[in-house]
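Trainee: Using the hints, position chain P against chain D.
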Amino acid sequence: MSPLPTAIAEAYGFLRGRILKSSEQREWLSVSVMGYDRPGIVAAVAKVLFDNSCNIEALSQTVLMGQFAMIVVVAPLAGSSAGTLQAGLETLAAQMKLAIHMRTLNPTEHQAFDVGNAEPFVITVRGEDRPGLVLAITTILAEQGVNITCLGAEVVPVDQRLDYIQIYEVDIPNDMDFSRIQKALREKGAAIGVTVDMQHRNIFRAINQI
Amino acid sequence: MLSSEEIIRTIEMLKNENLDVRTVTLGISLRDCVSSKAEELCSKIRAKIKRVAGEMVAVCDRISDKYGIPIVNKRLAVTPIAAVAEGLDRGEYITVARTLDQVAGEVGVNFIGGYSALVQKGFTTGDRNLIATLPAVLSSTAHICASVNVASTQAGINMDAVSLMGQAIKEISIATAEQDGFGCAKLVVFANMPEDNPFMAGAYLGYGEPEAVINVGVSGPGVVKRELERALQSGTKLTLGDLSEIIKKTSFRVTRVGELIAREVAELLGVSFGIVDLSLAPTPTVGDSVGEIIQCLGLTAIGVPGSTAALALLNDAVKKGGAFASSSVGGLSGAFIPVSEDLNLSEAVANGSLSLEKLEAMTAVCSVGLDMIAIPGDVDAGTIAAIIADEMAIGVFNHKTTAVRLIPVPGKGVGDKAVFGGLFGEAHIVEVRNVACSHAFVGFGGRIPAPITSIRN
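Chains as they are written, first to last, in this note's numbering: chain D, 1 to 210; chain P, 1 to 457.
In isolation and in its complexed conformation, chain D is listed as follows:
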């Protein structure tokens, strides 16, 4: 499983300052790219963006079971044309057999969802893989109004056995009783035969990081 982009989330405060400042000036674009992973995809996308006078403001990329996925937020500079960029990306998509989608972001979409004052928690779900596990957990989070900031799921070796593990990073608003969510998650986990734990993120940092 690839590293969870916590640092990216942490850089958010810094980025938001830049985004807000820049967003007063002009609209930005988001470009999402998917396809079979191989060398050269990022370079090819970057070339199209550069040739169309776009500056990359933020980028996140991952590979999941051979599938490449990337989202890029770009600021079009003076002289850039959305139509020409769109055409360039479509040509690239056809050449490299990629799914590329471009979307204009209005200034309000530059900001991450604001949960207000919140504490970061990590939810881990462990047990035998079966359909409906993500649904069961996320339904509870959605009902409680808890925002997921990062989510990953994979089969991993733990000692001598294989475990299916989901790891959610979530923000729990300070005015919300975390023990109520903990209880709801544990009960749901028990009902569907998986172990669910929810712990403050700092415990993972304390144990693992200097």
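For the record, the hints were derived by calculation from the structure and aren't laboratory data. For glycine and all other residues, C-beta sits at the position ideal for the given N, C-alpha and C. Treat the hints with care, as some may be off.
In the DSS-like style, the derived pairs of lysine-lysine whose C-alpha atoms are separated by at most 27 Å in a straight line are [claimed, not checked]:
(1) P:K15 x P:K249
(2) P:K249 x P:K320
(3) P:K15 x D:K183
(4) P:K249 x P:K400
(5) P:K48 x P:K37
(6) P:K15 x D:K188
Derived CB-CB ranges, DEER-like [what the hints assert, rightly or not]:
(7) P:P70 x D:A184: 20 to 28 Å
(8) D:K47 x P:L268: 24 to 32 Å
(9) P:E229 x D:F113: 38 to 46 Å
(10) D:A184 x P:S140: 44 to 52 Å
Mentor: Only chain P this time, still in chain D's reference frame:
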């Protein structure tokens, strides 16, 4: 950046390796409660403890939930009662003890330490009163823990106090005979007693400590043992240096957990954060034993040749990892070898691998001393005093804390078993050789002078 491996590793430590916080101990100064009237003193003590510690258990439970880390024990430590009750009559000390016992129960902690006196250089009237009331107090209260510091590197060994403690231990044992002398499990005799130790039975709040302070004891040996097993099972060729490195890294992790929890509890209670005690404190649970770590290091049982060296390696690695993790390390900070509280040690006594003399040797390189050792009920007070003197000498002359918690078990001898229950476990009775051979030495009394190495200025 958190990786999924880090998250999974952490969950493993919590779920399967007994990673926890052994004790959160709230130290409370009772110096402002002093009164020459017992009733007034007790009333002030009650009010202060309720005010400072009233929310402690609830706060600990909440923090425990938040981080998913069990906090096994919540405890209180107070200013030595010998000083707090100095103006009272001897009988009134028992009244003070009962007040402490009652209020400890009301705030929901399992023990309150500080029924203590520091007599390394001599006695005050209050010190004598406290020592004289130990049998009555420890046989009639549930939560009180007592400790007496009879020696220090600066003062030497107060042999009159050592004799008195030998007698006190015998009397407490007889007073709690129906519980196999369990009262003695709540009394520790110290050399170089730390002022900020969070572990019972020796916790008290020292005179140099703040008004109220949170001290914390980190997780036990289970986590270290599991890490060593994991490394050994990997098939990689490992040296003792490599194993030391693994222990060091594990100690770092458990210390970080302890400090995180302690700081947050202290903040929520509005009191100071004091120290993290790095001691590996075993429990009578399989997989949570210092003895099992020693076995991981290649010895068939704790007590066989090589045990002292293995324990030295363990103790040193724990300190190095812990000291890097926290700049507020204190208390006892070493591996404990409490015989009845460590299932593996108890078994080593039963099968003859572990003797009293080997235990004494091992205390030279670890914390804390001859701890939770059940001895035959017919060992006399003079011999117990001489055993205490030996252990105090190891502490005084090596500039370290040592302690003695011996439990003479009335009516039982070698081959029998004492059963204390819960965290205190059960213990096969250890043979004491050469009984009644030391009376003349102990009978000289006076003070064994401080060692030359104490003059360092």
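Trainee: Can you confirm whether the C-alpha distance between P:K249 and P:K400 stays at or below 27 Å?
Mentor: holds, 24 Å
Trainee: Sort out whether D:K183 lies within 27 Å of P:K15, counting only the CA atoms.
Mentor: Since the Cα atoms of P:K15 and D:K183 sit roughly 17 Å apart, the hinted pair holds (cutoff 27 Å).
Trainee: With respect to the beta-carbon atoms only, verify the hint that D:A184 and P:S140 lie 44 to 52 Å apart.
Mentor: holds, 46 Å
Trainee: Taking the Cβ atom of P:E229 and the Cβ atom of D:F113, is their distance within the range 38 to 46 Å?
Mentor: holds, 44 Å
Trainee: P:K249 and P:K320 were given as a pair; does the straight-line alpha-carbon distance stay at or below 27 Å?
Mentor: holds, 9 Å
Trainee: Taking the beta carbons of D:K47 and P:L268, is their distance inside 24 to 32 Å?
Mentor: violated, 55 Å
Trainee: Given a hinted range of 20 to 28 Å, is it respected by the beta-carbon distance of P:P70 and D:A184?
Mentor: holds, 21 Å
Trainee: Tell me if the straight-line CA distance from P:K48 to P:K37 falls inside 27 Å.
Mentor: holds, 17 Å
Trainee: Would you check the hint for P:K15 and P:K249, treating anything up to 27 Å between C-alpha atoms as holding?
Mentor: Between P:K15 and P:K249 the Cα gap is close to 19 Å, so the pair holds against 27 Å.
Trainee: Does P:K15 pair with D:K188 here, judged by a C-alpha cut-off of 27 Å?
Mentor: Distance ~19 Å between P:K15 and D:K188 Cα, so the pair holds.
Consistency with the previously given hints fails for number 8 only.
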